[in-house]
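All chains, please: the whole structure from these sequences, using the hints.
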Amino acid sequence: MYALRHARMQEGAMDGEKPAALRVKGGGGRMSTGAGWGRSRENWTSAGGRASDGCGGDRGLADHGPLSACSGRVDEHGGRVPLWERGGGRFVRCSSVGEHATRDEASDKKQSMADGGGCDEQITIAADIDGVDLEAADMDSARDSARTPHPPRLFSTTMPTLDHLILLVPSLAEAIAEFASFGFSLIRGGTHSDGLTENALFILSDGTYIECIAFLPAAADEPAARTAQRAAHGWWGKHPGFIDWCLGPGVVESGVIVTAIASSGAGIRYAAPAQGGRRTAQGQHIAWLVSFPDEASCGPRGRLPFFCQDVPKDSRYLRVPHRSANANTTLERITILIRPSRLALYVAHATAVFQACAAETLPSEEPLTYDFRVFTPGAQSTVQITIRSPMTLAEQEYVDVHGDGLYECALKITRRLGEAIEIQQARFACEYDD
1 MYALRHARMQ EGAMDGEKPA ALRVKGGGGR MSTGAGWGRS RENWTSAGGR ASDGCGGDRG
61 LADHGPLSAC SGRVDEHGGR VPLWERGGGR FVRCSSVGEH ATRDEASDKK QSMADGGGCD
121 EQITIAADID GVDLEAADMD SARDSARTPH PPRLFSTTMP TLDHLILLVP SLAEAIAEFA
181 SFGFSLIRGG THSDGLTENA LFILSDGTYI ECIAFLPAAA DEPAARTAQR AAHGWWGKHP
241 GFIDWCLGPG VVESGVIVTA IASSGAGIRY AAPAQGGRRT AQGQHIAWLV SFPDEASCGP
301 RGRLPFFCQD VPKDSRYLRV PHRSANANTT LERITILIRP SRLALYVAHA TAVFQACAAE
361 TLPSEEPLTY DFRVFTPGAQ STVQITIRSP MTLAEQEYVD VHGDGLYECA LKITRRLGEA
421 IEIQQARFAC EYDD
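Numbered according to full-length UniProt numbering, the sequence shown spans residues 1 to 434.
No more than 20 Å apart at the CA atoms, straight line, and that leaves these computed lysine to aspartate or glutamate pairs for EDC-like:
(1) Lys238 with Asp294
(2) Lys412 with Asp371
(3) Lys238 with Glu295
(4) Lys238 with Glu408
(5) Lys238 with Asp404
(6) Lys238 with Glu395
(7) Lys412 with Asp433
(8) Lys412 with Glu431
(9) Lys412 with Glu178
(10) Lys238 with Asp400
(11) Lys238 with Glu397
(12) Lys238 with Glu198
(13) Lys238 with Glu174
(14) Lys412 with Asp434
(15) Lys238 with Asp194
(16) Lys412 with Glu332
(17) Lys412 with Glu422
(18) Lys238 with Glu422
What the hints contain is simulated information worked out from the structure, not anything from laboratory work.
Okay, structure coming up:
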């Protein structure tokens, strides 16, 4: 896979309304893939709109429009070439004057180019392109190269959502009571189809939820086969607290995400989608498909997310009845802590997962911190996923006990609860609209 990384407009390269050279090289580094929202309107664009010129507008580069992020197409003087013909992928970022340029600097550079003076500024364009390495003398030959047929790259057609987090608790009754002491409301979900666990849902107003899950007590005369089934459960034996996290949807369509991850070259695999479900207290059976990371290639359960999709696809409202009493409580961010010695490998694995399902990669202001962004259910907002190593003694102690994985989630709430609270050995950072 190649990343469209650098196109430089050289001094005097402007010829009419197009640059005289377009250089596309195999990339690497950090990129943004798929449809999503950027951190800054000045430097980021969604795949459904035209590339920003760095001035916050929906314009092509320097108002000349040679490149566009419009529905994953290259745009030259109004002509469009589908990126699908080059193997798939979508432009999602375009800054004609550099990532950190101010609005005034962007205007100055744009005016200089418009006056015919040329520009020697770096233009950074991130795209997800398979099997394309263009080195064109001009835009026309670049367009011709882009028309060269390549097999379509298999990728999920929708940016994923952060569906829910898994919080292992010793007792659902105690968990419900402790959440209530902070003013949060949980609803009982029911018993899972394997008969080993039950859950209660902390549903947030953005549609995400935290699933408090507890193992049912073993019967005194439990058969050995049942004991072995419990011991083989991916969450059995883990310490209470956050233990896993789930993305959705997209796992169903011909195993598209599973296939894309397997062919990513990262060396990780996900299991084929398997049936799951639970029975509610009212006796209703709810079904879904799940795909978990293969532990032999991905490490222990909970480091990388699993995928879930409801069956039928539009029945999430049965699994997550959106009658949350937790109004104005949203999920802003989750933090994954990874030991320094494993961070680079984990980021490579996570990047393969996120690229396969078209998540968005964000620039980070902190060293050795990696940020991604996914939608909340219904795509009404987004959640940031931060991956980094422990930075404090408390964080290191947490990793020593719980292992690498989900450490904290940040909630935006209205009532003041301090900077952070701990519920059932899970850490919740608190953010407020001041």
